[in-house]
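Take the sequences, apply the hints, and build the full model.
First to last, the sequence lines map onto chains U and C.
The first sequence begins at 12 in my numbering and counts up by one.
The second sequence begins at 139 in my numbering and counts up by one.
Some hints here could point you the wrong way.
Within a straight-line C-alpha distance of at most 25 Å, the following computed SDA-like cross-link-like pairs (lysine to any residue) qualify [unchecked claim]:
1. Lys-74(U) to Val-200(C)
2. Lys-14(U) to Thr-31(U)
3. Lys-193(C) to Lys-152(C)
4. Lys-152(C) to Val-200(C)
5. Lys-70(U) to Val-200(C)
6. Lys-204(C) to Thr-216(C)
7. Lys-179(C) to Arg-48(U)
8. Lys-179(C) to Pro-93(U)
9. Lys-152(C) to Ser-221(C)
10. Lys-68(U) to Gly-52(U)
11. Lys-179(C) to Lys-68(U)
12. Lys-70(U) to Gly-236(C)
Don't read these hints as lab results, they were simulated from the structure.
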Amino acid sequence: SQKIEQNSEALNIQEGKTATLTCNYTNYSPAYLQWYRQDPGRGPVFLLLIRENEKEKRKERLKVTFDTTLKQSLFHITASQPADSATYLCALNNAGNMLTFGGGTRLMVKP
Amino acid sequence: GAVVSQHPSRVICKSGTSVKIECRSLDFQATTMFWYRQFPKQSLMLMATSNEGSKATYEQGVEKDKFLINHASLTLSTLTVTSAHPEDSSFYICSASGGGAKDMGTDTQYFGPGTRLTVL
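The following block contains the structure:
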C-alpha cells in the first residue's frame, strides 16, 4: 500500500542550528513533492516544490533534496530561528495536482 | 498573490443542523478546489475535489450526500455539512489551484486558513 512517512516525534533543536526533516514514501512515483508549513489552527502554507528530475532546490534558508532512488526527501532549515517552530508537512503529487500528505513533523526551535 | 480565504473561521452548531463553509480565491481564478479534513494531531485527509461547473469527485469513504460541495464560480466553492453530528467536528481546510505559479510550471495548491467546526 502507498505510504508517506514523516517522523511523528517532535524535533527539538537549538536556535542557529540546521534542522533536517525527513519524508519517506513507498509505492508512489510522484511527479513532484512539496513541503508545507502548518501552524496550530491554521491552514498549510506552501514552501517549496521539487520535481522528480531535480536533486535539490533552495529558497532563502530552506533547502529540499529529492532522491527518487531512496524514495526520500530531506527538508533543511539553516540558521534556525524560534519563529521556524511549526509542523512541517510533505505532500506528494502523482498525476495531476492532487496531493497526499504525510503526517507532519513538529519542529521546536529553542532560543 | 495566491490568497485563499475561508469563512467562517470557527463555527459551533447543534447536532442535526447544517453548516456551510465558504472558500474563496481572492486574487486568482481557481479551476480546481479541494476540501480536506484534519483531526487533531493528524494529517490532512482529502475529502473531495471540485472543478468549476462540474460535480465534485469524492474520496472513498466520504458521503457525498452529507458533504455537499458546490463550485459555481472560479473564485468560490462551498462545503455544506448536512445534519451535522458530533463526529463531524473537525478542522476543515480548502485549497485552490489554477494559477499555475510561474516558477514551477505546474499548478500548486494554496490553502485557506481553515474552519474549526464543533458540533454539540
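Here's how the hints hold up against the structure:
no., hint, verdict
1, Lys-74(U) to Val-200(C), "36 Å, violated"
2, Lys-14(U) to Thr-31(U), "20 Å, holds"
3, Lys-193(C) to Lys-152(C), "28 Å, violated"
4, Lys-152(C) to Val-200(C), "21 Å, holds"
5, Lys-70(U) to Val-200(C), "37 Å, violated"
6, Lys-204(C) to Thr-216(C), "13 Å, holds"
7, Lys-179(C) to Arg-48(U), "14 Å, holds"
8, Lys-179(C) to Pro-93(U), "21 Å, holds"
9, Lys-152(C) to Ser-221(C), "9 Å, holds"
10, Lys-68(U) to Gly-52(U), "28 Å, violated"
11, Lys-179(C) to Lys-68(U), "28 Å, violated"
12, Lys-70(U) to Gly-236(C), "23 Å, holds"
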